[in-house]
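Residues per chain, in single letters:
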Amino acid sequence: MSVSPNVLGSRSTGDRVRGTAFYIVLLVSVTIGFLLLGVLLVDVVRKGIGYVDFTLLNEPNSSDPQRAGAGPAIRGTIYMMVLLLVMVVPIGVGTALYLEEYANRERWYNRLLEINIQNLAAVPSIVYGILGLAFLVRGIGLGRVLLAGALILTLLVLPTVIVASREAIRAVPDSIRQGAYALGATQWQVVWRQVLPAAIPGIATGSILALARAIGETAPLLLVGALTFVAVNPTILGSFTALPIQIYQWVGRPQEEFRLLAAAGIIVLLAILLTMNAFAIWLRNRYQRRW
Amino acid sequence: MAATDLTAGAQPDTVRLRAEGRRWGELAVKVALGLCALVSVATTIGIIIALVVPSVEFFRQVSILDFFSGDRWAPLFEPPSFGVQPLLVGTLVVTFWACVVALPCGLGAAIYMSEYARPRVRSILKPALETLAGIPTVVFGFFALTFFTPLLQDIGTGVNVFNVLSAGLVVGVMLIPVVASVSEDAMSAVPQDLRDGAYGLGATRLQVSTRIVVPAAISGIIASFVLAISRAVGETMIVLIAAGGIAQITFDPRDQAQTMTAFVGATGIGDVATGSIEYKTIFAVGLTLFVITFVMNMLSIRLVRKFREVYE
Amino acid sequence: MSDMESAPAAPAKIPGMDEKLLEERARETTSTKREVLFDVDTLNVAYGGVPALKDVSLEIYKNYVTAFIGPSGCGKSTFIRCFNRMNDLIPTASVEGTILYHGTDLYGNEVDPVEVRKRIGMVFQKPNPFPKSIYDNVAFGPRVLGWKKDLGDRVERALRHAALWDEVKNRLKASAYSLSGGQQQRLCIARCLAVEPDVLLMDEPASALDPISTTAIEDLMHDLKREYTIVIVTHNMQQAARVADMTAFFSVEVDEERDIRTGILVEYDQTPTIFTNPTDKRTEDYVTGRFG
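Residue numbers (the working numbering), protein chains in the order written: chain A, 257 to 547; chain B, 3 to 314; chain C, 314 to 605.
Worth flagging that the hints you see were computed from the coordinates, not collected in a lab.
The structure displayed is predicted, hence computed values, not measured ones.
Any given hint could be a false lead.
One-sided excerpt, in silico: chain A residues whose CB lies under 8 Å from chain B [claimed, not checked]:
1. I280
2. V281
3. V286
4. G289
5. P321
6. T351
7. L479
8. E513
9. F514
10. I523
Cβ pair distances, simulated, as ranges [said to hold, decoys possible]:
11. C:E531 / B:A130: 40 to 46 Å
12. B:I220 / C:D568: 30 to 36 Å
13. A:L291 / C:N483: 58 to 64 Å
EDC-like mimics (lysine to aspartate or glutamate), calculated; alpha carbons at most 16 Å apart, straight line [claimed, not checked]:
14. C:K367 / C:D425
15. B:K32 / A:E356
16. B:K32 / A:E315
17. C:K439 / A:D430
18. C:K538 / C:D523
19. C:K594 / C:E566
For each residue, glycine too, the CB sits at the ideal point set by N, CA and C.
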């Protein structure tokens, strides 16, 4: 193809057609996901909104769709989240502090530790369920209880909390640490009084997002015994169920009404998730420090 | 208090520069934090033990050859059959259809965000993709079963109520953000000079994107593909809800099939007797699943590190 | 240091140098009796095996202001950080040689760097106040040391000493970031003073500040040296002439083969001597602006 002598001429037709076609292909790629998401949301709301009421939020499950609710499931989810928060934040932040402030990067075991965490983040969630089944439910005989579910979810989202905390800790400028050391503070004093307080907004945001992910996890809970027909309120060492499990159970029923109930449950679940994400974003914008 | 009133000739002892026993506190802190870090190590060790020990017992009763070469999976039948191929094929087919959606759309979205979109549009798109990624899989499963499958049936494809096509395509949609975000990261890392050089020669945006940027970011893009495949293999709820529960070898997307993950999920929820052969199948299949995803994850991590090294 | 035969007859004039100031400085330092606070002997510092500072030996005198000057890369910041063991925080750094402080080697086996830093404070080039209130910034040191009584008094005393009290006394709870650059640096000085150190190390304390703030800091040094010993690193020769009693000139030794640049101490003397009558030609070249 020879170069046209007219430098100011427009591009060849072929180029323009190809360019436009490509642009359209890209736009389609981008919008397919959102389009389906939009359709999904509309569909779910249409199906389920009629069933979002007091019964749904409070009553236990029942074989009569008119009387069935997700009360114990919602409560189970909330209790598990509280337990999860209490367990995952100290361990996750502790690990992050160790890796960022104390560990010598040259040592092989510390590098192995980092690779290990990266790996754990990508393990399929159902494998965590298998872990729970083998060790907690059957192994030490804990049985199919709330605590087992909370423990497994803790391990599942631990890598996420670690990564988010590390970023928050790393963002604290080194000049702050230097200033504190120069005043005669010990390493722990520097970490506890300067680094950690400055990193809290980032840690909090990351933890809430990790929690939001855990709420929607179903597969591990299947194996760890979230039963689908629980009529009593959950206790730490008692049988339990969770909202996503309840949704799953309803979806599996042939009757159309249970499908609608499932949609209603999904609305509640998405509402909780939306609130948590919005809160995390608000936290990030309000307290984020621009170093 | 510091001794500030020293005159020349004072004893050196008046200035104590030794630690006062504070060292034990610091050591205790380091140990405590190290223990936190060990939790993740313990998790990995736990996973390996949990998978390997029962699998070893399983493979004493069922030969590995039979396991991998058998084409009938019926552990609860009399006599039971432990050929894992149906589960492998099920996983393969679902993953295939997921890739059909996720890889092109994810890459296309990434190219759009990286090369075409205005900054304002990108700043909306990125969080929007994160939102898509945050939808629980059980919701996608519901969608696949109650909306997508009937839709496919309505347009006359003749799919089953439970079918791998519906499940696979929805898994693909779920994975678009995964491919898009990792690919986009890789493409952003390509230095602007490369693009400027090409634009300066009169190349079109299409040419720059496909001939300069994508090849330069290729290891990151492949990493995103591998990651998506790994996630597709490990996906449970969507297939459990929408793909069916009959383990059969079929390449017809309109049929139902059972994946490895669906089998583990369906079996684990029930009350199988501990120590029975059915119980052990959970772990044998789980181990197979874990090994496959582990290999792919390691590959993906390597590739990501490669693209980071080149440009950072 | 005695005159050497090879010294030039009339040293070249240094632009901007105030002769009267130097004479005053000369009078001050010769009239008082010198007391050794730090005795540095054959100090060598290397980063990851690459030597950064070679064979430095000198004495720092009590209640003097001592300046380290020299071109960039000559190791003056590395050297000053040896005095409060801040180089310990860099994993690849290795220090050989001794620094005697009140007769004890700072790098001795039994010595705890944390204790060292309580007595030898440091102010950094870029002001680095903590993301806390003005009060909490100054109170951080005493709190960390366990001095909980009379905290308010300590804070006030430190802020007065740093010539900042009047400007902030009504907004102690305000964030430290609401202060100007010069004020932030004085806050950092107050922060150091609150732990009642012996010595203040200052690594180019005014290089990030405007001229007015710089003058304020220099005046402060003049006041502070009555009670403290001050060591400063500066790339501004006029500043050294203005504030320092003793000046050490560092330069760079280049190993062409291995492409390594190592810092060495060239000359150390009273400030007027360094600037008007240096012994070493390299010093003269630097202070007259022929190089560096």
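A:V286 as an interface hint toward chain B, with CB separation required under 8 Å = holds, 5 Å
Hey, does the A:I523 contact hint survive, CB to chain B under 8 Å?
-> Result: violated, 10 Å to nearest chain B Cβ.
Given hint C:D425 paired with C:K367 - CA-CA distance at most 16 Å | violated, 24 Å
Are A:P321 and chain B close enough, Cβ to Cβ, to be under 8 Å, as the hint says?
-> Interface hint status for A:P321: violated (15 Å vs cutoff 8 Å).
Can A:E513 be said to touch chain B, with a Cβ gap under 8 Å?
-> violated, 12 Å
With 8 Å as the cut and Cβ atoms as the points, is A:G289 at the interface with chain B?
-> holds, 4 Å
Are A:F514 and chain B close enough, Cβ to Cβ, to be under 8 Å, as the hint says?
-> violated, 11 Å
Interface hint compliance - A:I280 to chain B, C-beta minimum distance less than 8 Å | Violated: closest Cβ of chain B sits about 10 Å from A:I280, beyond 8 Å.
16 Å Cα cutoff - pair B:K32, A:E315 = Roughly 48 Å separates the two Cα atoms, so the pair is violated.
Is the hinted pair C:K439 and A:D430 satisfied, with a Cα-Cα distance of at most 16 Å?
-> holds, 12 Å
Interface restraint verdict for A:L479 against chain B (beta-carbon cut-off 8 Å) | Hint on A:L479: holds, closest Cβ of chain B at ~4 Å, below 8 Å.
Mind checking the alpha carbons of C:K594 and C:E566 for me, to see if they're no more than 16 Å apart?
-> Holds - the C-alpha atoms of C:E566 and C:K594 are around 15 Å apart, at most 16 Å.
Hint compliance for this structure: hints 1, 5, 8, 9, 10, 11, 12, 14, 16, 18 are broken, all remaining hints hold.
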